[in-house]
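K.L.:
Listed here are the chains, written in short residue letters.
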Amino acid sequence: MSESQGTTGSMVYKAGAVTGDEILVDGWELIVGLEVHVELATATKLFSASANRFGDEPNTNIDPVTLGLPGALPVLNRHAVELAMRIGLALNCTIQPSTFHRKNYFYPDQPKAYQISQYDQPINIDGFLALPGGKKIGIERAHLEEDTGKSTHIGGAGGRIHGSDYSLIDFNRAGVPLVEIVSRPDIRTSEEARQYVTELRSILVAIGASDAKMEEGSMRCDANVSVHKPGMPYGTRCEIKNVNSIRSLGRAIDYEMRRQIDMNEAGETVRQETRHWNENDGRTHTLRSKEDADDYRYFLEPDLVPLDPSPEWIQAVRDAMPMLPGARRARLSASTGQPADGEAVMVVVERGQDDYVLEVAAAGGDVGRALIHVKEGFADEGATPTVPAADLAGLTRLEVGGQLTATQAKTVLAEIVANGGGDAAAIAAAKGFEAMDTGALEAMVDQVIADNAAVWSKYCSGEEKAMGALVGAAMKASQGKADGKLVTALLQAKRTA
Amino acid sequence: MTPRTAIQIAAGVRAGTLKAADVLEEHLARIDARESDVHAFNLVMTDQARAAAAAIDAAVAAGNDPGPLAGVPVALKDNMCTHGIPTTCSSKMLQGWKPPYDATAVIRLAAAGAVAVGKTNLDEFAMGSSTENSAFGPTRNPHDLSRVPGGSSGGSAAAVAAGFASVSLGSDTGGSIRQPAALCGVVGVKPTYGYVSRYGLVAFASSLDQIGPFTHTVEDSALLLDVIGGHDILDSTSIPARQPSLRDAIKQDVTGLRVGRITDLPEGADPDVAERLEAAFDALRAAGATIVDVQVPAFSYGLTAYYLIAPAEASSNLARYDGVRYGLRVNAADTNAMYGATRVAGFGEEVQRRIMLGTYALSAGYYDAYYGKALKVRRLIADDFDRAYQHADVLLTPTSPTVAFPFGSKSDNPFAMYLCDVYTIPTNLAGHPAMSVPFGTGAEGLPVGVQILAGTLGEPQMFRAAAALERAMGVSK
Amino acid sequence: MSQRITTADVVKVAKLARLDLDPEAIERTTAQLAGMLEHFADIDALDLDGVQPMNQPYPLTNVFREDIILVGLDREEVLAAAPEAEDGRFRVPPILGLDS
Ligand SMILES: [Mg+2]
Ligand SMILES: [Zn+2]
Chain F
1 MSESQGTTGS MVYKAGAVTG DEILVDGWEL IVGLEVHVEL ATATKLFSAS
51 ANRFGDEPNT NIDPVTLGLP GALPVLNRHA VELAMRIGLA LNCTIQPSTF
101 HRKNYFYPDQ PKAYQISQYD QPINIDGFLA LPGGKKIGIE RAHLEEDTGK
151 STHIGGAGGR IHGSDYSLID FNRAGVPLVE IVSRPDIRTS EEARQYVTEL
201 RSILVAIGAS DAKMEEGSMR CDANVSVHKP GMPYGTRCEI KNVNSIRSLG
251 RAIDYEMRRQ IDMNEAGETV RQETRHWNEN DGRTHTLRSK EDADDYRYFL
301 EPDLVPLDPS PEWIQAVRDA MPMLPGARRA RLSASTGQPA DGEAVMVVVE
351 RGQDDYVLEV AAAGGDVGRA LIHVKEGFAD EGATPTVPAA DLAGLTRLEV
401 GGQLTATQAK TVLAEIVANG GGDAAAIAAA KGFEAMDTGA LEAMVDQVIA
451 DNAAVWSKYC SGEEKAMGAL VGAAMKASQG KADGKLVTAL LQAKRTA
Chain D
1001 MTPRTAIQIA AGVRAGTLKA ADVLEEHLAR IDARESDVHA FNLVMTDQAR
1051 AAAAAIDAAV AAGNDPGPLA GVPVALKDNM CTHGIPTTCS SKMLQGWKPP
1101 YDATAVIRLA AAGAVAVGKT NLDEFAMGSS TENSAFGPTR NPHDLSRVPG
1151 GSSGGSAAAV AAGFASVSLG SDTGGSIRQP AALCGVVGVK PTYGYVSRYG
1201 LVAFASSLDQ IGPFTHTVED SALLLDVIGG HDILDSTSIP ARQPSLRDAI
1251 KQDVTGLRVG RITDLPEGAD PDVAERLEAA FDALRAAGAT IVDVQVPAFS
1301 YGLTAYYLIA PAEASSNLAR YDGVRYGLRV NAADTNAMYG ATRVAGFGEE
1351 VQRRIMLGTY ALSAGYYDAY YGKALKVRRL IADDFDRAYQ HADVLLTPTS
1401 PTVAFPFGSK SDNPFAMYLC DVYTIPTNLA GHPAMSVPFG TGAEGLPVGV
1451 QILAGTLGEP QMFRAAAALE RAMGVSK
Chain C
2001 MSQRITTADV VKVAKLARLD LDPEAIERTT AQLAGMLEHF ADIDALDLDG
2051 VQPMNQPYPL TNVFREDIIL VGLDREEVLA AAPEAEDGRF RVPPILGLDS
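Chains as they are written, first to last, in my numbering: chain F, 1 to 497; chain D, 1001 to 1477; chain C, 2001 to 2100.
The shape of chain F in the complex, shown without the other chains (with noise of 0.2 Å):
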């Protein structure tokens, strides 16, 4: 998120090719759509009673089901639907009656040599996900289904698929409950592409649904990316495979970008394909094209009956939802008058803190300086931070009053960081911290006007930016007991004297 916007790879964004709502470089649009798998926080797997767990010896969590032992038959898992449908109110879906179909196609990781999973009646459709800023991403659907178990390859070019001499399968995530979240291709730039699945991994943490680590393989992304001029039909589109974390995500969208781009300028044709994103290269490359794609020979489920939550079982998993980041970004917004994308709010509700900002407000404290501070001061706290709030909202005051400058807060704040708690009027005292007074600080400042001559005048002259140099200056003169605001005050005020 924090990731420039500017150059990525070989791609450039060009300043000014913007028009209207189209970002488009070397006159091309970008047009990708996501599919999210996540891998849900249940006991147990989709369809049967054995644990699903990470990192257990290979195939200790198995069982008939698993397994796909002949004579075994699949049972739904009631809080996977339940996990499911909070993840379909979360992204602001239609709970709808669903059915599960086979997909039938041999692979040495899938025990029956079918996939269940919801084909054309999943269970949440038509649904949407709003990035920070406001723009909201389709959400197609959130269908369940079941995972497939682990292959490693042995021999050949270091645990590579191509070359190897064997594999050995490990079926203990085979059967695990996953919700694969189709977005409609409303991503317009790399950058939305990582704010939606950041996004969409904060949500799903919220709700519990799963714990959504890229690297544990819980949460997986693929994307569909294809390129198009304005006006004209969205072009042939690639889906890309094996992108590990949001980072990647990024550099392979946009290397797969300028490869389209690339192909078209040259008069080529992009073929309808599989690609893997190779995070050591840092390129796509083919993994299988579509004529050759499988026929999955999709039919309903005949050991599995449908879905068909009532709603009274709906509006009970609703109103047991917690508030979602969006929201929890809104509400502080609101009550700081901070952007809800900003910085201090996005990485404040990122932690969870933002309940604790609150307290702090409602303790009597200052809620604008409570945000700062929680943001600065309290990287290492969880969403539940050991400082009593009353402690924290004693400080802010202060800082209000004037009885102590940011930069002694700032101090005091760490004192009562380290001990977990603390009375700020105390350790102020104690650290000799006292405002200075108002004909003191003004003496001073007329000081620093005399010692800065040349940058005073630039700043009488219109040059706002001198006015740092002068508060800088005065910060120093003052060894940080002076309160920054005031000496702005009393810079302006003397300018326009």
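If you are wondering where the hints come from, they were derived from the structure by calculation, not from laboratory data. A virtual CB, placed ideally from N, CA and C, is assigned to each residue, including glycine. A few of these clues could be false.
Here are the simulated distance ranges between beta carbons [to be verified]:
1. F:282 x D:1086: 51 to 59 Å
2. D:1111 x F:55: 37 to 45 Å
3. D:1331 x F:53: 26 to 34 Å
4. C:2074 x D:1331: 21 to 29 Å
5. D:1368 x F:53: 16 to 24 Å
6. C:2064 x F:53: 18 to 26 Å
In silico DSS-like links for lysine-lysine, alpha-carbon gap of 27 Å or less [unchecked claim]:
7. C:2015 x F:241
8. F:135 x F:375
9. F:476 x F:431
10. D:1019 x C:2012
11. D:1098 x F:150
12. F:229 x F:213
13. F:476 x F:494
14. F:150 x F:241
15. C:2012 x F:103
16. F:485 x F:375
17. F:494 x F:465
18. C:2015 x F:103
19. F:476 x F:465
20. F:375 x F:431
21. F:103 x D:1376
22. F:241 x F:213
23. F:481 x F:494
24. C:2015 x F:150
25. F:485 x F:410
26. F:150 x F:103
27. F:476 x F:410
28. F:150 x F:213
29. F:465 x F:485
30. C:2012 x D:1092
Put chains D and C with the ligands on the given structure of chain F with help from the hints.
P.N.:
Structure of chains D and C with the ligands alone, referenced to chain F:
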């Protein structure tokens, strides 16, 4: 000699007047004498059966009740999983495979005190009507060793007919219990879909498969269904509602029962079979039932719908036999080559044919013309039956168009074999219960069965009619 | 129904089904499937407009299991039944990719 029926055996064992061990030894002696001719079993579980029988006797001696099937020797179709005991589906693909778990029906039988004597032969993966498609050689009809026992549960039917077991379990996807029951002269029942748990039954066609009993008497079948039937949380398609006791149901006679004759039934039954069906109508009329005419216009489309739907489901159900986790593997240079070599070596010709047919019926471009259309025909058939059951409580048809036929007589023409199931298939499509009751003999003195059909959960009426036919035949118990 | 099934169709289907049929088996299967599909053309005469497909015979909805872990299978017992196992896992020949 000890009694044959489960009711009598269990009563004697529970009362302490009969030893489970003695009952078992008599059955084992008959197996010794005739099994090499009949080949009903893929595996005779002599040691396990003796241990189980001894445990039953010990329980009785200790004053405990082993349950309603105490000491009853039962044979299990070899497509039901038995923990630690080979379950082959009569296929090279699963030869030697020992499941690490038991089927629900197997657990319920054991919990009721039954003694499993062996795993019975079948058409490979239950695909066939003669048990000729077994990878381990055919089962012969105990009534005439030159003839088939029917199929696919031919081994289970023959085991009961030959006295190798008092009762047995089979599975019925398109007639695989009822047709061999008719050809071997025993009672065979396919319950309503969902009546008996399918957990641990190796799937052929999931939306059609049902487990059911083979017995000498109608009451024994009622007893077995009372034991193995009922809800199972491990099978999502298992019917949750508690079902009335069928042993209680048959205490009621057929006075006032409306017995339907399907006037537009597909023709093709042999005259001897047709004659026994007429006799059955007469017997039920004489017992107080009313005979009514009904139509089931879509009945004759059952065969087509079935031979598209069942292979389609089978093609998916049998895809798991890939040489990775269990069963046969033919090694090759890569996984895809390994799959292809393994599956062509492990599956017999009929199984391969149905996998091909089913894969085709589901494949891109053909789904609507074949599988999708068959599902609609299935609906027509169910709807037609439902209309017929507004006028009749049960329907009567032949079970099989013919008596037991000689080996090889239909094996070179798949479609001729498929016609064996013309009367049994439509009920599987509708999910309704149906059963075959022996009703005299036809050509060459071979057994003829009459099929009784009922609507969803119509087992009580169906069993009442069956008991009445049995009484009319004066079956000895 | 559709046009007659061809050898090419059967080759494609055999590949989908992972059955290594030899040319003779392909020919035989083509003839047999063609014969059967001819019989199955009887349903072409039916008017199926508006008929709802019937997937399952007994109508049930919302059948669930609670999210509780139960004892699973013993790994050694399961791997002992596997064609090939190594290091607590199932061993397979090299995987060439989703399609090959
Ligand atoms: Mg997908
Ligand atoms: Zn998916």
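K.L.:
Holds or violated: residue 1098 of chain D and residue 150 of chain F, Cα atoms, limit 27 Å.
P.N.:
Roughly 25 Å separates the two Cα atoms, so the pair holds.
K.L.:
Could you grab the alpha-carbon distance between residue 485 of chain F and residue 410 of chain F and see if it respects the 27 Å cut-off?
P.N.:
Between residue 485 of chain F and residue 410 of chain F the Cα gap is close to 15 Å, so the pair holds against 27 Å.
K.L.:
For residue 150 of chain F and residue 103 of chain F, compute the direct alpha-carbon distance and say whether it is at most 27 Å.
P.N.:
Within the cut-off at roughly 18 Å; holds.
K.L.:
Please test the hint of 26 to 34 Å on the beta carbon pair from residue 1331 of chain D and residue 53 of chain F.
P.N.:
holds (33 Å)
K.L.:
Can the restraint linking residue 150 of chain F and residue 213 of chain F be considered satisfied, given a maximum Cα separation of 27 Å?
P.N.:
Holds. Residue 150 of chain F to residue 213 of chain F sits at ~17 Å (cutoff 27 Å).
K.L.:
Is 51 to 59 Å right for how far apart the beta carbons of residue 282 of chain F and residue 1086 of chain D are?
P.N.:
holds (54 Å)
K.L.:
Need the status of pair residue 2015 of chain C, residue 103 of chain F: alpha-carbon distance at most 27 Å?
P.N.:
holds (16 Å)
K.L.:
For the pair supplied as a hint, residue 476 of chain F and residue 431 of chain F, is the alpha-carbon distance within the 27 Å limit?
P.N.:
holds (18 Å)
K.L.:
Given a hinted range of 21 to 29 Å, is it respected by the beta-carbon distance of residue 2074 of chain C and residue 1331 of chain D?
P.N.:
With a Cβ separation near 26 Å, residue 2074 of chain C and residue 1331 of chain D satisfy 21 to 29 Å, so the hint holds.
K.L.:
Decide if the proposed pair is consistent with the structure: residue 465 of chain F and residue 485 of chain F, CA atoms, cutoff 27 Å inclusive.
P.N.:
Measuring from Cα to Cα gives roughly 16 Å; hence the hint holds.
K.L.:
Under the criterion that the straight-line Cα-Cα distance not exceed 27 Å, is the pair residue 494 of chain F, residue 465 of chain F satisfied?
P.N.:
holds (16 Å)
K.L.:
Regarding the pair residue 2012 of chain C and residue 1092 of chain D, is the alpha-carbon distance no greater than 27 Å?
P.N.:
holds (25 Å)
In this structure, the earlier hints numbered 5, 10 and 12 are contradicted, and the remaining ones agree with it.
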